[in-house]
Amino acid sequence: MLDTSEGYTTADGRKIGGVVMEMKNITLRFGGVKAITDISFDIREGEIRAIIGPNGAGKSSMLNVMSGFYVPQEGEVWFHGKPRPPLKPYEVARQGIARTFQNIALFEGMSVLDNVMTGRLTQMKTGLLAQSIWKGRAEKEETENREIAEKVIDFLEIQAIRKTPVSRLPYGLKKRVELARALAAEPKLLLLDEPMAGMNVEEKEDMSRFILDVNDEFGTTIALIEHDMGVVMDLSDRVVVMDYGKKIGDGTPDEVRNNQEVIDAYLGVEHD
Amino acid sequence: MFYREAGDFHTTYTSDSQTFPIKFDRYRYYVILVIAFLVVPFIINDYWANAILLPFLIYAIAAIGLNILTGYCGQVSLGTGGFMAVGAYACYKLMTAFPDVSMFIHVILAGAITAVVGVLFGLPSLRIKGFYLAVATLAAQFFLLWLFNKVPWFYNYSASGQINAPEREVFGILITGASAPAWATYLFCLIFCFASAIVARNLTRGTVGRKWMAIRDMDIAAEIIGVNPLRAKLSAFAVSSFFVGISGALFFSIYLGAVEVGEAFSIQKSFLVLFMVIVGGLGSIFGSFAGAAFLVLLPVALKVLGVDMLGWPTDIVAHFQLVIVGALIIFFLIVEPHGLAQLWRLAKEKLRLWPFPH
Ligand SMILES: Nc1ncnc2c1ncn2[C@@H]1O[C@H](COP(=O)(O)OP(=O)(O)OP(=O)(O)O)[C@@H](O)[C@H]1O
Ligand SMILES: [Mg+2]
Numbered sequence: 001m002l003d004t005s006e007g008y009t010t011a012d013g014r015k016i017g018g019v020v021m022e023m024k025n026i027t028l029r030f031g032g033v034k035a036i037t038d039i040s041f042d043i044r045e046g047e048i049r050a051i052i053g054p055n056g057a058g059k060s061s062m063l064n065v066m067s068g069f070y071v072p073q074e075g076e077v078w079f080h081g082k083p084r085p086p087l088k089p090y091e092v093a094r095q096g097i098a099r100t101f102q103n104i105a106l107f108e109g110m111s112v113l114d115n116v117m118t119g120r121l122t123q124m125k126t127g128l129l130a131q132s133i134w135k136g137r138a139e140k141e142e143t144e145n146r147e148i149a150e151k152v153i154d155f156l157e158i159q160a161i162r163k164t165p166v167s168r169l170p171y172g173l174k175k176r177v178e179l180a181r182a183l184a185a186e187p188k189l190l191l192l193d194e195p196m197a198g199m200n201v202e203e204k205e206d207m208s209r210f211i212l213d214v215n216d217e218f219g220t221t222i223a224l225i226e227h228d229m230g231v232v233m234d235l236s237d238r239v240v241v242m243d244y245g246k247k248i249g250d251g252t253p254d255e256v257r258n259n260q261e262v263i264d265a266y267l268g269v270e271h272d
Numbered sequence: 001m002f003y004r005e006a007g008d009f010h011t012t013y014t015s016d017s018q019t020f021p022i023k024f025d026r027y028r029y030y031v032i033l034v035i036a037f038l039v040v041p042f043i044i045n046d047y048w049a050n051a052i053l054l055p056f057l058i059y060a061i062a063a064i065g066l067n068i069l070t071g072y073c074g075q076v077s078l079g080t081g082g083f084m085a086v087g088a089y090a091c092y093k094l095m096t097a098f099p100d101v102s103m104f105i106h107v108i109l110a111g112a113i114t115a116v117v118g119v120l121f122g123l124p125s126l127r128i129k130g131f132y133l134a135v136a137t138l139a140a141q142f143f144l145l146w147l148f149n150k151v152p153w154f155y156n157y158s159a160s161g162q163i164n165a166p167e168r169e170v171f172g173i174l175i176t177g178a179s180a181p182a183w184a185t186y187l188f189c190l191i192f193c194f195a196s197a198i199v200a201r202n203l204t205r206g207t208v209g210r211k212w213m214a215i216r217d218m219d220i221a222a223e224i225i226g227v228n229p230l231r232a233k234l235s236a237f238a239v240s241s242f243f244v245g246i247s248g249a250l251f252f253s254i255y256l257g258a259v260e261v262g263e264a265f266s267i268q269k270s271f272l273v274l275f276m277v278i279v280g281g282l283g284s285i286f287g288s289f290a291g292a293a294f295l296v297l298l299p300v301a302l303k304v305l306g307v308d309m310l311g312w313p314t315d316i317v318a319h320f321q322l323v324i325v326g327a328l329i330i331f332f333l334i335v336e337p338h339g340l341a342q343l344w345r346l347a348k349e350k351l352r353l354w355p356f357p358h
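So the protein sequences, as listed, match chains W and X. Each residue of the first sequence is one higher than the one before, starting from 1 at the first, in the UniProt record's numbering. Each residue of the second sequence is one higher than the one before, starting from 1 at the first, in the UniProt record's numbering.
Just so you know, not all the hints are guaranteed correct.
Example chain W residues on the side facing chain X (calculated, C-beta under 7 Å, incomplete) [what the hints assert, rightly or not]:
1) 12
2) 121
3) 134
4) 136
5) 142
If you're looking for bench data, these hints aren't it; they were derived computationally from the structure. All C-beta atoms in this analysis are idealised placements derived from N, C-alpha and C, irrespective of residue type, glycine included.
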């Protein structure tokens, strides 16, 4: 198995650094339902980490634990070398973690640009009074943050729709706008819950390219959930495999692909 | 053809995020301002001031306030009448306690006091939503009216239980009381209306406006991207009530002069302002003006048309008005929740492409 204790170099020659986030013996229950049972793994700086598993395996729940939205009954989340105390939901974004949702969670009544700008909200500090005057501090802050938002918009190639209300966009573009909103926050760690679900082949290729580019250009650490095995094998450096809330595999795509337990539980089903 | 944005390029983000990015709109806005500030005061008379212009300006401020809360932040309120009453009584107490302080200060302070009261009554919004919040604000409406009726301190122990605006001057010109000239009362209200619109526009185009809209569109996602729902909702209640309070203060001191709280600020007032917001357009400052203009002009127009020209009985015309408003509310709620403002936008979009729509 790949030794990751000191960081490692990926197959395509990228240097992966120290541990950014470490999940230690996480158990999460919803009433009587055990969504996650005693799972541990780490995420290292600069890597693309995939979480795969059949429906209901607990992947989304895991992502919610990672972001701090769910507090596990047992276990600890270590972030930047320290155990992280429980957070209020609105504090999640302030720790440098941004995410997208399995079912798109955009602000439908707002334009694409405004949606992307909401990704900057935690960075914008001007008070109500200065905002009501606008000229001066509020305008300056707006322009500075707009520049960052526009960079993301250019990067994801959605310039043409920046003034369009989100409710008028097709599904694939909405997914992209949601990624833009997450990126606008300039996160250290980006969590993507099935970024390619429901897309056609072409849209999937675009999205894969964007994810690789984000990782490459900004050095963003990414954890993503994905069903499409082809995509996972292409994109990710290391993969966690979950089934019925338990971890049944962890390693490089090749290792995972050849792991018998994984084949039985997950891949086997698909390749019957 | 008549309306175009071709050749109108923005080279900075600042110019792109201004209020009227299209030149044509900007010029029309300047023309309206010039007319409102420099022409109307010279041609205004008592009828125009009292029947149309003062109620329009004052209701527009209230509609802007309610639109911030309901249209931008998604929190329904049926307490507008009660909050206008807070503004009115705050203004009355300030006017009588500090006769030498400027009316500008009194009206702004009345808005600030209403903001505080609004925040208090906004606290339940952290726990309850939609229909239940509407009921809670309805309770605020009845409680506030009851309070102003029952506690004599609020009406300075006057025998009638009414409040009467004493005569006050601004820059040596009388603006309250029966003998105040129409142009002065108009200008005083216009200044507040103009300032309210600018402030509301500035707030809604920036950070706090996005927080409000995020809460409105999807509160859980808003929280996850870092919006503190408590602060966002309470700031909407504060800003909204501030404007509604200013509007109540003007309604009492400048427009009516004497107020019996159960009459002037009843639940009907809450609904009237809510209808203005719905007809004008939820989530639009321009819509607040359009809605206020429509509902102020409708009875006047119906009276001129029905009673004066066609000779119908007054009560038939009054009922007719209710039917029209009811039908329009249903139409806008079902077909066009963004109201007149959206119809106007669509018309502009068509005009922009006219005469070659493809
Ligand atoms: N908020 C919740 N309350 C109760 N049970 C929940 C909740 N969220 C998830 N669960 C349960 O936890 C288990 C794991 O759900 P989760 O959404 O994490 O799975 P998943 O791997 O993301 O599945 P999918 O591939 O369908 O998205 C499921 O049995 C689900 O019913
Ligand atoms: Mg899921």
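For each hint, the structure was consulted:
Using the Cβ-Cβ criterion of 7 Å, the hint placing residue 12 (chain W) at the interface with chain X is not satisfied: the shortest such distance is roughly 32 Å. With a cut of 7 Å, the hint placing residue 121 (chain W) at the interface with chain X holds, because the nearest CB-to-CB distance is about 5 Å. With a cut of 7 Å, the hint placing residue 134 (chain W) at the interface with chain X holds, because the nearest CB-to-CB distance is about 4 Å. The criterion of a C-beta within 7 Å of any C-beta in chain X is not met by residue 136 (chain W), whose closest approach is roughly 11 Å, and the hint is violated.
A hinted interface residue such as residue 142 (chain W) counts as satisfied when its beta carbon comes closer than 7 Å to some beta carbon of chain X; here the least separation is about 6 Å, so the hint holds.
Checked against the numbered hints listed earlier, the structure breaks hints 1 and 4; every other hint is satisfied.
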